[in-house]
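Visitor: What follows is each chain in one-letter form.
2 protein chains.
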Amino acid sequence: MKTTKLTLWRGKLNEIDQSIVDLLSKRLAVTKKIGQYKKRRQLPHFDLIREKEVIARLQTQTRNILLREKLPKLYHTIFSLVKEGYVLDNAPPIPFPKIGIIGLGLIGGSIVKTIKFQDPKILIYSLRRKNTSKNKLIKAELDKLEDLVKAVEIVILACPIDQVITYLRRIARISKNLKKKLILMDVASVKGEIVREMEKLTDANTQCLATHPMAGSEKSGFINATTALFTGKKWIICPHAKNDKTSLQKVKQFIASLGSESLELEAQEHDKYLAYVSHLVFFLSTLLFSFVNDNQLEALQLAGSGFISVTRLSSGNAVMHTQISQKNSIHLAKLIPHFSTLLNSVDLNSPQLAVFFKNTKKKRDRFLQKLQTDL
Amino acid sequence: MKTTKLTLWRGKLNEIDQSIVDLLSKRLAVTKKIGQYKKRRQLPHFDLIREKEVIARLQTQTRNILLREKLPKLYHTIFSLVKEGYVLDNAPPIPFPKIGIIGLGLIGGSIVKTIKFQDPKILIYSLRRKNTSKNKLIKAELDKLEDLVKAVEIVILACPIDQVITYLRRIARISKNLKKKLILMDVASVKGEIVREMEKLTDANTQCLATHPMAGSEKSGFINATTALFTGKKWIICPHAKNDKTSLQKVKQFIASLGSESLELEAQEHDKYLAYVSHLVFFLSTLLFSFVNDNQLEALQLAGSGFISVTRLSSGNAVMHTQISQKNSIHLAKLIPHFSTLLNSVDLNSPQLAVFFKNTKKKRDRFLQKLQTDL
Chain R
1 MKTTKLTLWR GKLNEIDQSI VDLLSKRLAV TKKIGQYKKR RQLPHFDLIR EKEVIARLQT
61 QTRNILLREK LPKLYHTIFS LVKEGYVLDN APPIPFPKIG IIGLGLIGGS IVKTIKFQDP
121 KILIYSLRRK NTSKNKLIKA ELDKLEDLVK AVEIVILACP IDQVITYLRR IARISKNLKK
181 KLILMDVASV KGEIVREMEK LTDANTQCLA THPMAGSEKS GFINATTALF TGKKWIICPH
241 AKNDKTSLQK VKQFIASLGS ESLELEAQEH DKYLAYVSHL VFFLSTLLFS FVNDNQLEAL
301 QLAGSGFISV TRLSSGNAVM HTQISQKNSI HLAKLIPHFS TLLNSVDLNS PQLAVFFKNT
361 KKKRDRFLQK LQTDL
Chain F
1 MKTTKLTLWR GKLNEIDQSI VDLLSKRLAV TKKIGQYKKR RQLPHFDLIR EKEVIARLQT
61 QTRNILLREK LPKLYHTIFS LVKEGYVLDN APPIPFPKIG IIGLGLIGGS IVKTIKFQDP
121 KILIYSLRRK NTSKNKLIKA ELDKLEDLVK AVEIVILACP IDQVITYLRR IARISKNLKK
181 KLILMDVASV KGEIVREMEK LTDANTQCLA THPMAGSEKS GFINATTALF TGKKWIICPH
241 AKNDKTSLQK VKQFIASLGS ESLELEAQEH DKYLAYVSHL VFFLSTLLFS FVNDNQLEAL
301 QLAGSGFISV TRLSSGNAVM HTQISQKNSI HLAKLIPHFS TLLNSVDLNS PQLAVFFKNT
361 KKKRDRFLQK LQTDL
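Residue numbers (UniProt numbering), protein chains in the order written: chain R, 1 to 375; chain F, 1 to 375.
Chain R on its own, in the form it takes in the complex:
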């Protein structure tokens, strides 16, 4: 009798949840129509003011105080869903009917999921891994690299950085013998060395293109791959002297078809910028967690949301970050002592401290605002 009551309520919850999800689906169908309508009339697609109005109106209609206060968070998630759908709906078609991929981790997996979402007819081939993934999205898992290269128009290298050059060389050798046109693109986080090698390997048959999507997560692996990982994000291309216009154009269209915006950058520039906004950031996040954990373990019980977000990256893929740190060691080895000196020069009792905190807040708020309006 007692369990019946609980079972009854849980049944009720299941019904409610199902209705909520159905309504969310309906909501997406309506916003899709609105998106199409706005596109035809060239009206602006996203309206931050209307989003705020929607949340504010719902808040006045909600009597549950806790729910009312959580509505902005809930609706920001729903709005991001609408935006992702809009961007993917309005993306150009994928310019390759057959795609090969090597590496089905977070990035490779998300590329595959987004391709299949955009066009289920595209055939995707991968190399067979030790533990066969039996992934429904993949047309075939092949044993031989040669078979993969034969089957497709483009091979995406989404493998660990230290394997990229090995695969580039092996595939370029195969492609040369096949006398067919192949695009070979990578998605690694450090570009200098790869671009130098790509320029050597690029010829009439094989166009090697260096790219890097500005998207990721501290959660790694295919299991955490998602369809809209790249939507609204930048995707860098570092062209070299032997890249032809047609291939560059095709890769740009491919990037756009996944919902991303491509951006050309020189490889050295890419590596320098990434050292600032990504590689150093991972280092600080990881060193901070280890510093607190190893020197003052008792303090961890007091850690709040600030500590959690600043140390988030230290839960990232250790192997990948080791390789990134080493491959980009030239830039990183300059930044680390530079930042360390800056940190050491902090004068806690200087009247300038207040000014510094205030100015940094202003700069960051401006950066966030630009980010929001750019979306």
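The hints are simulated quantities; they were obtained by calculation from the structure and are not laboratory data.
Any given hint might turn out to be false.
A pair holds if it fits inside one copy or across any two, identical chains being indistinguishable in the list.
[Said to hold, decoys possible] Within a straight-line C-alpha distance of at most 20 angstroms, the following computed PhoX-like cross-link-like pairs (lysine-lysine) qualify:
| hint | residue 1 | residue 2 |
| --- | --- | --- |
| 1 | Lys38 | Lys5 |
| 2 | Lys83 | Lys73 |
| 3 | Lys5 | Lys33 |
| 4 | Lys32 | Lys5 |
| 5 | Lys136 | Lys200 |
| 6 | Lys181 | Lys245 |
| 7 | Lys363 | Lys219 |
| 8 | Lys33 | Lys83 |
| 9 | Lys176 | Lys144 |
| 10 | Lys245 | Lys33 |
| 11 | Lys179 | Lys242 |
| 12 | Lys219 | Lys370 |
Given the coordinates of chain R, work out where chain F should sit on it, guided by the hints.
Guide: Same frame as chain R, but now just chain F:
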């Protein structure tokens, strides 16, 4: 005609949103019943496995891929709502019928909102500010500190740290003359100096209690205050030699009534721990943003979610953080060079780097897991 179509769709969206919010309210009503039922039978309240099952089942029932992938995020927000409601529902009653508060920023505002949520009959008095807030939650905004002290059983100092000691002295002087029992508690982020002063000021009439809720946000001010800010969080009390048991007990009940768990710590220990998990963290976050912004502004256009979360705290209240840094300069001045040396000792080409990243990931994943099961 064209606007009519858009208006029609927007009307449809409004209807859907209203239904979603109604269903969420119903969902909360059912989970409230389940919570009461489980409490009566002393069953465990939260069930991470069941939460995962609910999300997984809804995912199998959802055909929209983008929605399916966002369901975990949406439902984690909904589950946190359920937990907040449960904790607040099962909290003890607020032990003070009349409460005074000085400072209606993020912390003061959130205390007021949570008090009113827990018991709308509690009367709250505040000092009148320059721009009268006309806050409906406040019974009266008084001009004189003396009137405030006369009216209440407890005064909460939620003002900037540098004003805490001034108010402590002024209120203790008034309270002494009134010959009535008053509890005076603060919520500042640095405790050493405050506790020393509190011990001097505590007498038969006035019990000064040093406390610090482990909750906050980079968003400051009453406008960002929320009801459940403290729910499930730790709230530190740093008792001193002159604190009597009754007052300590009452303050603990008050903290519990706001949904927090109180934790006793010696003031020096508090300041040392906070230097690790909060004050140094703010410094690194802020220095990192300023470092990138000032040295390589172009790199900011490539910044992704990692950079955004690691630099989040640099959007925090600059005045508050300046005062914290200075008040806790003894501990912070030790940590900063210590961390800076650690950073400078990084050897990017050491084979130990991979081991260090891997071990830190393990430690942090363990920390996160403990945090989840503690909730």
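Visitor: At most 20 angstroms between CA atoms: does that hold for Lys179 and Lys242 within a copy, between copies, both, or neither?
Guide: Answer is within; shortest intra-copy Cα gap is 18 angstroms, inter-copy 88 angstroms.
Visitor: Regarding Lys83 and Lys73, is the shortest C-alpha distance of 20 angstroms or less found within a copy, between copies, in both, or in neither?
Guide: both (16 angstroms within a copy, 16 angstroms between copies)
Visitor: Checking Lys136 and Lys200: alpha-carbon separation at most 20 angstroms within a copy, between copies, both or neither?
Guide: Cα proximity of Lys136 and Lys200: none, with 36 angstroms in one copy and 72 angstroms across.
Visitor: Could you place Lys5 and Lys33 in one of the four classes (within, between, both, neither) given a Cα distance threshold of 20 angstroms?
Guide: between (43 angstroms within a copy, 10 angstroms between copies)
Visitor: Under a CA distance limit of 20 angstroms, which applies to Lys245 and Lys33: within one copy, between copies, both, or neither?
Guide: Neither way: Lys245 and Lys33 sit 36 angstroms apart in one copy and 65 angstroms across, limit 20 angstroms.
Visitor: With identical chains treated as interchangeable, where does the CA-CA distance between Lys38 and Lys5 reach 20 angstroms or less: within a copy, between copies, both, or neither?
Guide: For Lys38 and Lys5, the Cα distance is within 20 angstroms only across copies (11 angstroms; inside one copy 49 angstroms).
Visitor: Within a copy, between copies, both or neither: where do Lys219 and Lys370 come within 20 angstroms Cα-Cα?
Guide: Classified as between; 18 angstroms across copies, 27 angstroms inside a copy.
Visitor: Cα distance capped at 20 angstroms. Does Lys181 pair with Lys245 within a copy, between copies, both, or neither?
Guide: The answer is within: 14 angstroms in one copy meets 20 angstroms, while 82 angstroms across copies does not.
Visitor: Using 20 angstroms as the alpha-carbon threshold, which applies to Lys32 and Lys5: within, between, both, or neither?
Guide: between (41 angstroms within a copy, 14 angstroms between copies)
Visitor: Is it within, between, both, or neither for Lys33 and Lys83, if the alpha carbons may be no more than 20 angstroms apart?
Guide: within (13 angstroms within a copy, 37 angstroms between copies)
Visitor: Is it within, between, both, or neither for Lys363 and Lys219, if the alpha carbons may be no more than 20 angstroms apart?
Guide: between (29 angstroms within a copy, 15 angstroms between copies)
Visitor: Within, between, both or neither: how does the pair Lys176, Lys144 come out at a Cα-Cα threshold of 20 angstroms?
Guide: Answer is within; shortest intra-copy Cα gap is 16 angstroms, inter-copy 87 angstroms.
Violated hints, in rising order: 5, 10; the structure is consistent with all others.
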